[in-house]
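S.K.: Be aware that the sequence shown starts at 509, since it is given in my numbering, and climbs by one per residue.
You may find that some hints are simply not true.
Now the in silico label distances, taken between C-beta atoms and shown as ranges [unchecked claim]: (1) E656 - I679: 27 to 35 Å; (2) F552 - E737: 12 to 20 Å; (3) N738 - Y709: 34 to 42 Å; (4) L749 - T582: 17 to 25 Å.
Derived by calculation from the structure, the hints in this document are not laboratory data.
Treat the numbers as computed from the prediction; the structure is a model and nothing was measured.
Idealized CB from N, CA, C, for every residue including glycine.
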Amino acid sequence: MKIQITLISLLLSAAGFSQNISTEAPSVSASAVTIPKGQLQGEFSAGFDVNNEGPETYFQSSELPFLLTRYALTDRWEFRTQHGTQFTSINGINNYQYTSFGVGVKYSILPNDGNTNLAVIANYSPFNGIWRAQQGDLTLAFSQVLSESNSIGGNLGYSRFAVTAEGFGVISNQNSYLASAYYSFNFADKWTAFGEFFYRYSEFSSMGSEVLTGDTYGIDFGLQYLLRENIQLDWVSGFNLSNSFQFHSLGFNIYFNTNKD
């Protein structure tokens, strides 16, 4: 059984001074800064992923509408909610759908106004479906501004996914470890390009069976465009270098300042 973790926790803070919206979209890593106190931000993304493993022509595609909301309690603390729906088909049949909801917090360890940023993010997601399942994630995000137009960063993360069944307890669980690194370049006013490398190692077990291990590594690249002061659009495409999995996504990000004048 091949376990595939949906890439819904997503990344890249803007690099240049004209890109003033820090988002968790559109890629694998999360940003290393929090949004300003009193700001409410919504990040919507939708896309699809494809896995074509021959020679039996096993084909799987998914559409992933996903909404992340972030509210800054202070300049360093965020409260977050996330909601995603996945639609999947295998060889054009066996269509199924599941919806997930999660809550979390983000804390900026270093002040956001410096060139070096460090943050920790914790999320918990109970899933609803045929089987009861839940997932917890813990991520350390870091970034470094090299110049007005260039920045680098990355993530170290851990996640645990467990499925339970009534009368059986935990019937399967998976522990995953993520490492990622990215480079972003503000090449024109309101435009930022980025590239990223990521690696994931997983351990899976089911009903007391032998633990199965596996790893994947891949790259992605994309663009961000600041449409207005409070609206940013983004696009990303990526693929695994260790198998035939690929993903593509478009994002829309908007923020509202709830502070009273």
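S.K.: I want to verify a distance hint. Is the separation of the beta carbons of N738 and Y709 within 34 to 42 Å?
M.R.: holds (38 Å)
S.K.: Is the distance from the Cβ of E656 to the Cβ of I679 consistent with 27 to 35 Å?
M.R.: Given range 27 to 35 Å: violated, Cβ gap about 52 Å.
S.K.: When you take the CB atoms of F552 and E737, is the distance between them in 12 to 20 Å?
M.R.: Since F552 and E737 have Cβ atoms about 18 Å apart, the given range 12 to 20 Å holds.
S.K.: Just to be sure I understand the hint, the distance between the Cβ atoms of L749 and T582 should be within 17 to 25 Å; is that true here?
M.R.: violated (40 Å)
Violation of the numbered hints given earlier is confined to hints 1 and 4; the remaining hints are satisfied by the structure.
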